[in-house]
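*Asks:* Same order as they appear, the protein sequences are chains L and H. When we follow this note's numbering, the leftmost residue of the first sequence carries the number 333, and every step to the right adds one. When we follow this note's numbering, the leftmost residue of the second sequence carries the number 242, and every step to the right adds one.
Accuracy of the hints is not assured; some may be wrong.
[To be verified] Derived lysine-lysine pairs resembling DSS-like cross-links, with alpha carbons at most 27 Å apart:
| no. | chain 1 | residue 1 | chain 2 | residue 2 |
| --- | --- | --- | --- | --- |
| 1 | H | Lys617 | L | Lys398 |
| 2 | L | Lys357 | L | Lys398 |
| 3 | H | Lys617 | H | Lys531 |
| 4 | L | Lys403 | H | Lys628 |
| 5 | L | Lys484 | H | Lys531 |
| 6 | H | Lys543 | L | Lys450 |
| 7 | H | Lys346 | H | Lys250 |
| 8 | L | Lys403 | H | Lys617 |
| 9 | L | Lys438 | H | Lys529 |
| 10 | H | Lys522 | L | Lys447 |
Treat the hints as calculated values from the structure; they're not laboratory data.
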Amino acid sequence: MLKITNLTKKYGDKLAVDNISIEVKSGEIFGFVGHNGAGKTTTIKCIAGILNFEEGNIYIDDISIKDEPIKCKQMMAYIPDNPDVYENLTGIGYLNFVSDIYNVEKELRRTLIDKYAKEFEIYENLDNTISSYSHGMKQKLAVISALVHSPKLLVLDEPFVGLDPKAQFKLKEIMQDLCNDGMSIFFSSHVLAVVEKLCTKIAIINKGKIVRMGSIEDIIKEGTLEDVFMATLGDE
Amino acid sequence: MSKLLLLLKVDLIRTFSLDKLKNNKSKLQRVGIIVIAFILAISLLSQVGMYTYMGTKFFMTYGIEKYLLPIVYFLCGFTIFYSTVYRAKSYLFGCDDNIFAMPIKPSVILTSKVMVLTLLSYIVTTIIFVPAFITYGFVLKLSMTYYIYAFLAYLFIPLLPTVLGCIFGYLIGYVTSKVNNKKIFETILTYVTVLLIMYVSFNVQTLAMKFVNNIELVNKLLSNVGFLINSFMAVISEYSFKDLLIYVFVNIISIALFITIFKNSYIKILQNLKVENTKKKYIEKDHKNKSPLATLVAKELKMYFSIPIYVLNTSFGVVLMFFASIATLFYDKEALLKMMEIDITALPVYLLVIAVIAFSVPLSSTSACSISIEGKNFWILKTMPIKTKDIFLSKIILNMIIVLPLMIIDIIIFAISFKLTILQVLTAILFTIILNVACSMFGVIINLKFPRLDFVSYTHVVKQSFSVFLGIFVPLILALALGGLYAALKMSIDTYILIVFALLCAIIVLQYNILKSWGMKRFNELN
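The following block holds chain L by itself, in its conformation from the complex (with noise of 0.2 Å):
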């Protein structure tokens, strides 16, 4: 579903992220650790075709979002480590306007807002402006946002940011669902025994290259991940 080959990212002389190579398959939920500014945002922000970069290719169901990044972007969903959306318009507001970007089916967006809005309590706010809401309301926002248009690939930066403890279980119950059903995921996180519980394979970035990568069962032989992130990076 997600295949990025030999992706090479500069800001300026700068080199960011240094011909990383990684795949994830219908059905894997990818964890992507690191410290920080290690290049995690950077790798994510070019496969949700935020950044433009130099060398190596990033391909959504084997489409290049080099060559058809509309195309590419319409089968996934992209959710930032700052969930900064439209202010002024009301949740309901965004919601519809993210539905009509993807051409949600009027009943499907009804069902689907209905559903998660309710799951993630955030139902009777929906008539709210943005601006009123909350870090955590705003982030459980940006989470339905994605998934009210059902993306083959769900991109996610830090995404258990600011979310209360009912609403993190929440999203990992969703997560583990979606992937059951199909839908890949790629995200990045802090929270080493998350990914460690969730993933089904990682890699661990360090100054822009990826120092170790593979199925969580493989990294994990010897201690937990929190071990193995230590062992690897702890003298960085």
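Following the hints, position chain H against chain L.
*Replies:* Chain H in isolation, oriented as in the chain L frame:
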């Protein structure tokens, strides 16, 4: 360095974007910015000086020249008050929570913010009052004592108006936080104020005559109510030391009282203003599916009307023209044209209408900041499956929706007033459409070239960005050049209109190609 000085330093760097000027620009660009700022300052100072010269001469003919500087003082105070009301609302009463998590007393935060606002007021005072008092002294050949007293008066001018602006800004913020449709309320409130200012500035001659004729009443009012202006007048014209002390005392005490009273309740006030009306419960409504372009346009419209400063700044041209067209229905047209200093014999009325359109449309360019206004939400457009072409189109359509309906109504009103033919009306409408499209496209291009996605307040992007400046002035200069072309070549109106249409169409085609190639590439590079 004390916490107050540290805060002041950070606030000043943020307010004037000094860090960007220092770090992001090349030496050449920095010199360029300084030179432009210098030229702007000189031109502003010399204009004020010129108006003061004319004003002094006018007042001298009636022997009431001693009232000139108090008027400048009042105007200066009002300008400071008005701009502080705007800034206070977002800067003083809308600051972020991070600063309050630091071990700094709220009174120190309040003091530093009031000091920054006062410093901004000093810029206004320097531009308005300094050239005025120097010119006034020069014309009347006044002694050095005058200059010393006037300078001392200058030092204290900004204090009281800044304090009053802060209080009024708080009151507006408080009232709007209690109103349901606060954005609309805010827009209406601002419009009423601006129209009031415009009324005063358009009727300055009549008001000046009324002032001259009612000078005794003015004297009475000054001694009863406007004691501060009275003291100011005594300082300037009589060099009264006693009045100087009163004047200084009142100004200093006002700012000291403001900080003393507000410092204890500052956090409470901020929290009260932040409370949003969140009582509404969502009730499911039917929603019609829209195409991506229609969705984008609807989003643009919602965004537009939810940002009062955006509405105010960009609907100014069309609203101005609307009032002008209404005025032609009820007032003597020739007198109106004379009032606007337009020589009716030099141009046919039909061309005047075209000229008014040519000046009004660029003033209403919503597109010149439409990319920047996305700000921190820009990622939404970048990650969605939307054609870049549709994004540009939605920005252009928004401008057309804001400008065209009212403009067409204006043209019809003008047609009734000036008895234009149907062909002339249709030509004027077609001209408006073509010009509007050309200006909108130019706005998008210029905003792509000079985006400001990291703005802190909407005022920065809507009123103070380079793209908005160019988006308004380049089309205005083009309109002037086209006017000059008519005057220089003395061709028939029909030929002239045809040339203008052809030129605008060529500009549209050129801009379309720029947007299609460079524009799309540039949009993809932005993040």
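*Asks:* Determine for every hint whether it applies to the structure shown.
*Replies:* Going down the list of hints, with the structure as the test:
1. A C-alpha spacing of about 24 Å is found between H:Lys617 and L:Lys398, which places the hinted pair at or below 27 Å, so the restraint holds.
2. Of the supplied pair hints, the one linking L:Lys357 and L:Lys398 holds, its CA atoms being roughly 20 Å apart against a limit of 27 Å.
3. Taken as a hint, the H:Lys617 and H:Lys531 pair is honoured in the structure, with Cα atoms around 25 Å apart against an allowance of 27 Å.
4. Using a Cα cut-off of 27 Å, the hinted pair L:Lys403 and H:Lys628 holds, with the two alpha carbons roughly 10 Å apart.
5. Distance check on the hinted pair: L:Lys484 and H:Lys531 sit about 23 Å apart at the alpha-carbon level, within 27 Å; holds.
6. Restraint check for H:Lys543 and L:Lys450: satisfied, since their Cα atoms lie roughly 26 Å apart, inside the 27 Å limit.
7. For a cut-off of 27 Å, the pair hint linking H:Lys346 to H:Lys250 stands: about 17 Å separates their Cα positions.
8. A threshold of 27 Å between alpha carbons decides the hint, and for L:Lys403 with H:Lys617 the separation of about 24 Å falls inside it, so the pair holds.
9. Taking the CA atoms of L:Lys438 and H:Lys529, the gap is about 7 Å. The hint holds against a cut of 27 Å.
10. With a C-alpha separation of about 17 Å, the suggested pairing of H:Lys522 with L:Lys447 holds against the 27 Å cut-off.
The structure is consistent with each of the numbered hints, conforming to all of them.
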